[in-house]
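Asker: Work out the full structure, taking the sequences as your base and the hints as a guide.
For reference, the chains in residue letters:
There are 2 protein chains.
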Amino acid sequence: MSKLDEVLNLAKIKGYFWPAYDVYGGSSGFYVLGPYGVILTNGITSLWRQLFVRPMGFLEIDAPSVTPYKVLKSSGHVDNFKDPMAECSNCHNKYRADNLLSEAGKEISESASPEAMQLALNDDHIRCPNCGFTNWVVKPFMTMFSTNIGPYENSEGFLRPETAQGIFVEFQRLLSLNRGKLPMGVSQAGRGFRNEISPRQSIIRLREFHMLEVELFIDPAAKVSVIRPSEKRLPILHEAILSAGRAEPDHLTLVEALDKGIVKNEWLGMFMQLSLELLCNLGVPVERQRFREKLKGERAHYSAQTFDHEVFIEEVGWLEVAGHAYRTDYDLKSHMKGSGQDMTVSVDLESPISVPKKKVNFRIDALKLRYPESWQGILAGGYRLDENGVLFNGTPIDRDVYTINETVEVVKVRKIIPHVVEPSFGLERLMLACMYFAYQKKDDRIVLSVPGGVIKRVAAVFPLLSKPELTLRAQEVRERLLKAGIDVIYDDSGSIGRRYARVDEAGVPIAITIDHQSLEDGTVTVRNRDTWEQVRKPEDQLVSFMESLSLY
Amino acid sequence: MSKLDEVLNLAKIKGYFWPAYDVYGGSSGFYVLGPYGVILTNGITSLWRQLFVRPMGFLEIDAPSVTPYKVLKSSGHVDNFKDPMAECSNCHNKYRADNLLSEAGKEISESASPEAMQLALNDDHIRCPNCGFTNWVVKPFMTMFSTNIGPYENSEGFLRPETAQGIFVEFQRLLSLNRGKLPMGVSQAGRGFRNEISPRQSIIRLREFHMLEVELFIDPAAKVSVIRPSEKRLPILHEAILSAGRAEPDHLTLVEALDKGIVKNEWLGMFMQLSLELLCNLGVPVERQRFREKLKGERAHYSAQTFDHEVFIEEVGWLEVAGHAYRTDYDLKSHMKGSGQDMTVSVDLESPISVPKKKVNFRIDALKLRYPESWQGILAGGYRLDENGVLFNGTPIDRDVYTINETVEVVKVRKIIPHVVEPSFGLERLMLACMYFAYQKKDDRIVLSVPGGVIKRVAAVFPLLSKPELTLRAQEVRERLLKAGIDVIYDDSGSIGRRYARVDEAGVPIAITIDHQSLEDGTVTVRNRDTWEQVRKPEDQLVSFMESLSLY
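Which chain is which? The protein sequence lines are A and B, in order.
Mapping of the first sequence onto our numbering: position 266 corresponds to residue 266, and the numbering continues sequentially without gaps.
Mapping of the second sequence onto our numbering: position 323 corresponds to residue 323, and the numbering continues sequentially without gaps.
If you are wondering where the hints come from, they were derived from the structure by calculation, not from laboratory data.
Computed from a prediction, not measured in an experiment: that's the story for all the values here.
None of the hints are false.
Any copy will do: because identical chains look the same in the list, a pair fits if it lies in one copy or spans two.
Using 30 Å as the maximum straight-line C-alpha spacing, the simulated BS3-like pairs for lysine-lysine come out as follows:
(1) Lys82 with Lys139
(2) Lys70 with Lys94
(3) Lys337 with Lys12
(4) Lys181 with Lys456
Answerer: This is the structure:
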């Protein structure tokens, strides 16, 4: 069994995650997060909030997942959110055309047209994995789940393909909640949906999944000073390297990457740095990480520059866990156009600027006399002022019917459409990466050494034996921890060794055992998941002791 | 403006919640939870976990919202999850037939057939609210959002109408995670979807909402002792009261309600008691609460007994915030039938029972001789044993070709299909009830006095003035609190009074101000939202001081 298979097996047996609807024969692309999966994903989500949301005072919202047609038409998803679908002319099975080609060792650009893919499949006589036939028809398939909202026909809606659009359409209200200030960060942790043609690969490619997204709205002209510049180097596989056909990333500090123009936006760079920090906190070694730039044809329709944050997992290769995209003003511009609503923002100029203004004053009597037919049209504003003077219907007007007043207007603001920078994570993939690198064998036993700070405020409580006096006392300890906001796994069955093994496999950092000595002196043993060391501690110091532990 | 309107207005302005997709003209039944709404609903969800999930060691999972057809066919939703839809024959607007009738002051049972409703609408000449026409056609409308899973036709799926089904279909795996033990509680906090015919009433009737559900699997024959019996009386408007046409609930302790057979299951009663506690913790006065029993025709198709937990809000009337249902073995039985999988559980008998067993030993030679034609059929098991002896094809067999051995078998387990008891909350309605009763006016200012323990670990941090030395120090305080896991609302613009007012309206329990004295002696002022009292505290004691506050 490969390490990945062992991890997936553990996930299933211990209740991290498993394929949903098994009793009904399953439904590809849907997974259940079990009890330990909920604990672990909650831990990862908190960590993300600590890094990406809280420190910068970003807002967090929770928007609906059902989205009306108009929204996703404006955003470009209705037209662009498609995968090339190859249908076998014989058995009518359906596959992703690009996957069939890459599995057959044929290179084709992600941006190739369906026609080009069809040609490639048929020219190369690629066999149908189901029936072996070699005749394909390739068409674009829209990978959003479609539904109808309400009882009227033609009221189409979709399940959101990303949480981002739910933020963009609320931009004005959010900006007013932020009292008009830019930069404004808005985050959302929630489900995303993609109606994949043929999802496989366990939990890696899902039809329903959890996303952690931030949409940062910025004034592109505002000066940005890099917050927390770090000497930690980002492994960046950028366009120049890829174009040269090389596969070794450059290792650059954030400041270098920005100075060399490799990363085109300061915020994009800062998010990449935070992303590196997040993955390191999840236990992914830095040498197993890279930021791969998406080439022009590979990028989403809204992106000016995107870096995929990838993690190397032996059995999978480089796995994308996040996309960091500079979306420019594409999103707000699209929704302004689609909704007809103004989404511009007035930004204070650093120093007010003086704009020269010219005003025409007509000498009415002279004007009437000189232009008896057209003077009314001229006064109604039908003239134009250029460097040659006043023109009406393209013809200069006599200089002596008007004078020009020159004034100076002081401008303090300018109107902009904010640009958007977006770090977007797939939560299930973060969980998988975390579990993969935490998975360890120790004396033939499995220990899931999830790094400190991920599974936080979780402890196991065991009475040494299932005698009433011990279980009663253990229940009291449990209550005490619950009251302090600590999640407790309580277990009073089986040998104590077996119980320790169970929580080690589950990644629970701390196990607390209540024995006969506890009844006498109020102390309990606290066992460390990683070192298997046990120390005695008084019950009433448990919470503060646990919080002082680095693995906790 | 009514109080409810004021609350809804505050919700919109302060960013608790607002109608989604406004820039596109809106989409009925969809709301956004804004930043304060996320904080408040997270607080309510934690409180629910503390009461309904943690203390009893219930599991928590997170299942997909897209659900295959088969699952919801088996569960009965495809056939039963329907509302009567009245279509105007003139303008073709569509409404809920029962709503049209009740708004016109006509009483009709929720369980009346579409034909009966159509007759009632037309007989009473109920006018179309849109065009005034009085000719209606009533049909059942299925209120699940339908979609297609994957690229093949006829692969229908629905958005889950309740999180419960995602638990039932995973019953076997969950039971094995629970090591086969009953009772087993499984909880889920997540979205539910109902494709309402014409949702109105602000956030009260939504097409997409958040649910907090527990499915408790029990052995119906197991003895249950009431945990934490309380003298607090439950206001129960039960069937006998309703049948007598009265509206005043009985006020019963849990033990009384169970003894009198008014609440038919101990767990159902315990959940009702916890539900009362939850609502009281959210600040809803007990005299504004009641448990209304659903009558036979009103109950969901799966329920043997249901109590709606209702809250009285002046402008709305009695609002359902939770349903507590005794679902019996309906759910697992349905999925056993639908999936063909065994979902029975072997339950240990309290004491093993001895079952007498009789075994027939044939004397083969005698049997062959006496029954030369049929002896093979008899030996193959084609006989029956009753009190008269062995019969073959209904005819007794000669006594001298066999003997009967009487033995005793010791049986230690019996097979059962677990019953389900379910407390199910609508999170948005809990939030609304909480805000409604927390809304207060004080000196013409609005204070949202959300009770202690709901908005927890949230504080505001203000530099008294926006001078660099103060903002820098305030940022440090903010960092310190963030590190301790406290949410911080940081604000450095506007007068300090205005800033206090803003966080009072938002329900933030604590505001911390950094002034010049802070720079000198490291103390800050801590202001209480409800009393407006301020005390000075050293920065390094902030976290422990805050945790000691009752409103926190």
